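Taken in order, the sequence shown gives residues 21 to 186; the numbers are from my numbering.
Please keep in mind that the hints were generated in silico from the structure rather than gathered at the bench. Among the hints, erroneous ones may be present.
As the list claims (entries may be wrong) - As a list, the in silico SDA-like pairs of lysine to any residue whose alpha-carbon atoms are at most 25 angstroms apart: (1) Lys172 / Arg101; (2) Lys167 / Thr114; (3) Lys76 / Ser95; (4) Lys167 / Leu74; (5) Lys81 / Ile161; (6) Lys167 / Gly103; (7) Lys167 / Ala98; (8) Lys65 / Glu53; (9) Lys76 / Gly88; (10) Lys76 / Ile165; (11) Lys172 / Arg108; (12) Lys81 / Gln143.
Said to hold, decoys possible - Beta-carbon label-pair distances, calculated as ranges: (13) Pro46 / Gly88: 53 to 63 angstroms; (14) Lys139 / Val72: 32 to 42 angstroms; (15) Tyr122 / Leu74: 34 to 44 angstroms; (16) Phe170 / Glu64: 52 to 62 angstroms; (17) Met52 / Leu74: 27 to 37 angstroms; (18) Thr96 / Arg63: 30 to 40 angstroms; (19) Val174 / Glu64: 47 to 57 angstroms.
No experiment lies behind these values; they were computed from the predicted model shown. Where a beta carbon is used, it is the ideal one built from N, C-alpha and C, also for glycine.
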Amino acid sequence: MAETNLSKEDIRNLLTEAMAAAVNLPRAMNPMEKKQYEEEIKREKRRAILSVELGKAEAEKRYRQQTGCTHSRLSTAAGARAGQPAPRGQGEWTTGGQVHGYDTIGLVCLRCSTSWQFKATPQEIEFANQVGLLGFAPPPIERCINKADFEKPVAPDPAKLEKVAV
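Full structure from sequences and hints, please.
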């Protein structure tokens, strides 16, 4: 057997280089692993597309619900029809809410859960503190802080869905 004159440092360097080379080698997938990997990628793409579609359906449902609700009901004077939806702006408002901080009011329709967040005037704050906000008329959308909640949902672009799924 031939004798070599390698120091401990030389051996350590050789082992370090060999381990680094072994770790950095690209490992080819066998056919089963490749098939499983491709199936997982397809599953993730389908899941991403489905989540976008579900989000779109939920946003459309919320939009239909808030635009279809009149936010008002017939008063008890209507007799047998009392409590049924009234034409928009007629009857009693089905809203309730509270004052947040010093100048913001949160108002919610008790039928469809539409919420309005808006900057209140001093008179509105005083009214809310004295009488309460049950049956308070909703503000115009222009006054709302949460205007984006009242915009019609936009359908996602199919080309962008492919990019999301990658």
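Taking the hints in turn, this is what the structure says about them:
Note on Lys172 and Arg101: the hinted pairing is violated, with a Cα-Cα distance of about 32 angstroms set against a maximum of 25 angstroms. Between the alpha carbons of Lys167 and Thr114 the distance comes to roughly 20 angstroms, so the proposed pair stays at or under 25 angstroms and holds. Between the alpha carbons of Lys76 and Ser95 the distance comes to roughly 36 angstroms, so the proposed pair goes past 25 angstroms and is violated. With a C-alpha separation of about 22 angstroms, the suggested pairing of Lys167 with Leu74 holds against the 25 angstroms cut-off.
Between Lys81 and Ile161 the alpha-carbon distance is near 19 angstroms, which keeps this suggested pair within the 25 angstroms criterion. The hinted pair formed by Lys167 and Gly103 fails the criterion: a straight-line CA distance of about 29 angstroms is larger than 25 angstroms. At roughly 34 angstroms between alpha-carbon atoms, Lys167 and Ala98 are farther apart than 25 angstroms, so this suggested pair is violated. In summary, the hint linking Lys65 to Glu53 is supported, as the alpha carbons are separated by about 18 angstroms, within the 25 angstroms threshold.
Straight-line distance between C-alpha atoms of Lys76 and Gly88 comes to about 18 angstroms, which keeps the hinted pair within the 25 angstroms bound. Between Lys76 and Ile165 the alpha-carbon distance is near 23 angstroms, which keeps this suggested pair within the 25 angstroms criterion. At most 25 angstroms may separate the alpha-carbon atoms for a hinted pair to count; Lys172 and Arg108 meet this at roughly 19 angstroms. Taking the CA atoms of Lys81 and Gln143, the gap is about 35 angstroms. The hint is violated against a cut of 25 angstroms.
For Pro46 and Gly88, the hinted distance range of 53 to 63 angstroms is satisfied, since their beta carbons lie about 58 angstroms from each other. A beta carbon spacing of about 34 angstroms between Lys139 and Val72 agrees with the range 32 to 42 angstroms that was offered as a hint. For the pair Tyr122 and Leu74, the supplied restraint of 34 to 44 angstroms holds, since their beta-carbon distance comes to about 39 angstroms. At roughly 34 angstroms, the beta-carbon separation of Phe170 and Glu64 lies outside the given 52 to 62 angstroms, and the hint is violated.
Distance hint for Met52 and Leu74: a CB-CB separation of about 32 angstroms, consistent with the stated range 27 to 37 angstroms. Taking 30 to 40 angstroms as the suggested C-beta distance range, the pair Thr96 and Arg63 does not conform, at roughly 56 angstroms. At about 24 angstroms, the beta-carbon gap between Val174 and Glu64 misses the expected band of 47 to 57 angstroms.
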